[in-house]
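Peer 1: Position one of the sequence shown corresponds to residue 988 (the working numbering), numbered consecutively onward.
Honestly, the hints are just simulated from the structure, not real lab data. No residue lacks a Cβ here, since even glycine has one placed at the ideal position from N, Cα and C. Be aware that one or more of the hints could be misleading.
Said to hold, decoys possible - Taking lysine-lysine and the DSS-like style, the derived pairs with C-alpha atoms no more than 30 Å apart in a straight line are:
1) K1171 to K1106
2) K1106 to K1076
3) K1078 to K1055
4) K1106 to K1078
5) K1106 to K1055
6) K1055 to K1076
Said to hold, decoys possible - Here are the computed distance ranges between Cβ atoms for each label pair:
7) T1305 to D1128: 36 to 46 Å
8) D1294 to G1196: 20 to 30 Å
9) R1318 to T1082: 20 to 30 Å
10) E1186 to G1156: 51 to 61 Å
11) T1082 to E1334: 33 to 43 Å
12) L1286 to P1331: 15 to 25 Å
13) S1203 to K1078: 41 to 51 Å
14) D1187 to Q1280: 17 to 27 Å
15) P1054 to L1279: 35 to 45 Å
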Amino acid sequence: VVVAGGAGAALGLATKAGAASGVELLVAAPSEEDLLRARVDFPSARRTLQNEHDMIYTARAEVGTPPKPIKLVVDTGSSDLWVGQASYKAKGSSTSQHVSGPSQLLRYGRGQVRGHEVKDRVCIEALCVRDQTFIAASQVDGIGAVVGPQGLFDGLVGLAYPALAAARGAPTLLEEMALEGPWKELAFGLCLRHAASAEDSFVSFGNLGHVSEEASGCSANGPGVLLPVLTVNFQAKFWLALGFLSASSAAGAPPGLLGQVPMVFDSGTSLIAVPAALFGELVGHLFTWGTLQRCGTLLGQPACPCDLPVGELKFIFTGENGVELVVTLGREDLLQPVGTAQLPTGETLQVCRLALQPSPPSLPFVILGDVFLRHVYAVHDVRGFKVTLYPQSQPRGSGLADMIANAGLSAQVAAFLAVAANLALCANLAVAAIRPASSTATTCSDEGYARL
988 VVVAGGAGAA LGLATKAGAA SGVELLVAAP SEEDLLRARV DFPSARRTLQ
1038 NEHDMIYTAR AEVGTPPKPI KLVVDTGSSD LWVGQASYKA KGSSTSQHVS
1088 GPSQLLRYGR GQVRGHEVKD RVCIEALCVR DQTFIAASQV DGIGAVVGPQ
1138 GLFDGLVGLA YPALAAARGA PTLLEEMALE GPWKELAFGL CLRHAASAED
1188 SFVSFGNLGH VSEEASGCSA NGPGVLLPVL TVNFQAKFWL ALGFLSASSA
1238 AGAPPGLLGQ VPMVFDSGTS LIAVPAALFG ELVGHLFTWG TLQRCGTLLG
1288 QPACPCDLPV GELKFIFTGE NGVELVVTLG REDLLQPVGT AQLPTGETLQ
1338 VCRLALQPSP PSLPFVILGD VFLRHVYAVH DVRGFKVTLY PQSQPRGSGL
1388 ADMIANAGLS AQVAAFLAVA ANLALCANLA VAAIRPASST ATTCSDEGYA
1438 RL
């Protein structure tokens, strides 16, 4: 089924010239009635995600003609699509088109990607875009050890708003779906599960109603909290909303409410990142300063003995629909096993990385990565500028510990820990105002944001 047309005014997008492009949903031949209501009630497209050791989540995809199988990291914290040249060569595809212009540079929390834009057919399982613009990455720095046919993934697909994209002149994959896809109220839902779970993680694209119904398939056990998306410089860029942050002490002291802060829902980040000004205070609540003397760093990330006493970290959201959601991260979330260390005394100590880190200076938000997202089913309403979080109940586990124990992957462990912990885009943002995307009212002043 090829469906073309559709207005992009709700996203503030320019309508594309020409009708050569389109989004294909490879399903059984539709009836006439199906075609008439396609833009209103087309079924959602659910895609299974591969959990790579509780660190990143990848979708099976194909690019070019003949189709080349690839794995793409699903990243709600960036907007660009790129594929490494070790996995895709434009000259080998009969449907590739050269895009003139300078090379594009994408910077991430660790590492960067550089390459030129091309157009080609891209399919995420049965959901295909015929002429999708993406970056064929000729240079992958800092994350090259885990990228490529023998690595953990071949590229990345960003599902944040188009204004965040480095390649601003071409429609992103999300933009193509909004402009040309078969869904009038485009939304996508993200269900991330632990590697130890018997059920699959998945992403679902479709009309808002259909995608919301998928909450039951993600072990949702309560109503969803409806949150407006906040803008940066009066543009929707991130999946950004306001929430309260609270931390309790391992020593039993009363919980400390650290205030209401903007938070980004980012599936391309495996941990929780907080502004540097808040990081020390937060760690001080969760741990006693005496026990922190036992901690150090592992490949630039905080690492502690796994038996270290730790409190609980709570995220509290109050929705436009009157629903309140509290997500609690405890010991199994905040201390993640990475291996063992031999002490001078001969004692063997199990070492955990702390699932918290300071965010890049250019991103003064709390970044909620996979360690948080595994507790919710997140519905992203693209045209409505809303995020709905449904509480998810599931058994916990540590795929990272399994990875360490697997000798066949040991050569990749150091590179994986160093580069996959944070794929959040490092954009140089001058934050003039933060406000709901559907409103003109400013909710956070410059003065208040400077204090944060």
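Peer 1: Which earlier hints turn out false for this structure, listed by number in ascending order?
Peer 2: When the structure is compared with the hints, numbers 8, 9, 10, 11, 14 and 15 turn out to be violated.
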